[in-house]
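Asks: Each chain, letter by letter, is given below.
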Amino acid sequence: MAEEVLRIAGLHAYYGESHVLHGVDCHVERGEVVTLLGRNGAGRTTTMKALLGLVGSRSGSVRIHGSETIGLPPHRIAALGVGYCPEERGIYASLSTEENLMLPPAVAAGGMPVEEIYAMFPNLRERRASRGTNLSGGEQQMLALARILRTGARLLLLDEISEGLAPVIVQALGRTIGRLRAHGYTIVMSEQNFRFAAPLADRFYIMERGRMVAQFAAGELPDRMPLLRQYLGV
Amino acid sequence: MTSVFGIPVAVILGQLMLGLVNGSFYAMLSLGLAVIFGLMGVVNFAHGAFYTLGAFAALLALQLFGINYWVALIVAPLAVGALGMAVERLLLRRVYGLDPLYGLLLTFGLALICEGSLNQVFGATGQSYPVPPALAGGFNLGFMFLPLYRAWVIAVSVVVCFSTWYVIERTRLGATLRAARENTPLLQSFGVNVPLLMAATFGGGVALAALAGVLASPIVLVNSYMGSSLVIVVFAVVVIGGMGSILGSIVGGLALGVIEGFTKVLYPEASNVVVFLIMALVLILRPAGLFGRD
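Going down the list, the protein sequences come from chains X and H.
Under this note's numbering, the first residue of the first sequence carries the number 1, and numbering increases by one thereafter.
Under this note's numbering, the first residue of the second sequence carries the number 1001, and numbering increases by one thereafter.
No lab work stands behind these hints: they were computed from the structure.
All C-beta atoms in this analysis are idealised placements derived from N, C-alpha and C, irrespective of residue type, glycine included.
Treat the hints with care, as some may be off.
Over 10 Å on every C-beta distance to chain X, these chain H residues come out as not near it, computed from the model [what the hints assert, rightly or not]:
no. : residue
1   : Ala1061
2   : Ile1067
3   : Tyr1096
4   : Met1144
5   : Ala1255
6   : Thr1263
7   : Leu1283
To spell it out: a stretch of chain X is covered by chain H in this simulated footprint if at least three of its residues, at any positions, have a beta carbon under 8 Å from a beta carbon of chain H; those stretches are [what the hints assert, rightly or not]:
no. : region
8   : 67-81
9   : 92-99
10  : 103-112
Take the sequences, apply the hints, and build the full model.
Replies: Spelled out as structure tokens, the structure:
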């Protein structure tokens, strides 16, 4: 049953001269929700970008569904069935809501039909002609999520999706993640908001200074609180 | 005969027509520049050279292979566009992400090489391309005689420019292009082959210039420098319309052609500089250009 979707080994990443990731190791099984925790600047966002080849340069190994991607350009990595929801959402201002939704090309069969997406996020249907960045923060986050569900990607990389949103929106987002998990999506989340991530994730990694410093399963959470306090101050 | 400010209306309308013809070329060339600059951030100084190549391609196709105007209208832009894609893949790609000056120097160098080579092979004297028989003759509009070929140029330009605008602003392909100008890495992370998109865009912009070159060949002398004299005005048009603005380059191109035409009637001495005066004014009052954002 355990099928490895993602295995990162000894991943180093650089932006120009600066060395940001120092040998990240991590693996994700099919259908898991894995959360990367850590302080600002610990390297969570860079890990996501490095997975997709969006950093200056990278070395090490990133295997997606068993195939090595370290030498591939970003568009070939996406084609392996990866959907990326970037920090700050990455909604295009020069595109309407509907254009934003339809922008990413399908990467695999079985993407969520547009009708189903609109049923899941009715606000997006109402506002489909609006400029993408005229949506509220919560709507933009839904749009950023919706557009990768359309493509058939089954491995979702969600970077700080709860950031800057009102509590009621964060709750709705949590329910959405729960539904995606129930649908069998494999999800890697980077989260600053521990309380949002805690009930959703199967497993946690803690990052510090460009490395994974700890990992544990959801069941171990109560025992690991001192560790979390030490690294995150929660 | 009726007159305005002592100038016969017929003369004014005649210059309006000529201005529209010039404006058609400005619009097509600045449109290609705007598309290329908008997506790639490259100021393509070789744009005039690609226009010249379009005209030479039509001329040589006729002289060497007997390929007629109508076929050349399709084939020459395709051939020059393919050359543009090769230039993008082999050369231009290397200067992305560097100071824009490098792209400017590279394309300027290419323009010089291209013009110099054509000059070496074909000499400086221009050659004329015959007007296709179907477009010979003209209409008598009452106030002036309008050569059919010039009307054809205006019509083709307007259709091509607005089709380009439609594709960019209203289609899914256009949405991808607009997204690429805004946030390229994210677009690539969605699985869009951005390097191919860049090459195709450069090829497309350059093909527009070549198409303008083919259209121009029956009304100007085809020579190695036909592009460089035109492209200076075209750069001014791009600045006036707003760097990278699609609508700005179309409307700006046509409008400035007309303004230039009127200036020839009202104050001929200023006709060569009026575009640059307007550019200076626009830069003072609205530095982003008339249709520019920011």
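Asks: Each hint needs a verdict: does it hold in this structure or not?
Replies: Each hint, compared with the structure:
no. : hint    : result
1   : Ala1061 : holds (37 Å)
2   : Ile1067 : holds (38 Å)
3   : Tyr1096 : holds (14 Å)
4   : Met1144 : holds (42 Å)
5   : Ala1255 : holds (24 Å)
6   : Thr1263 : holds (35 Å)
7   : Leu1283 : holds (24 Å)
8   : 67-81   : holds (count 6)
9   : 92-99   : holds (count 5)
10  : 103-112 : holds (count 4)
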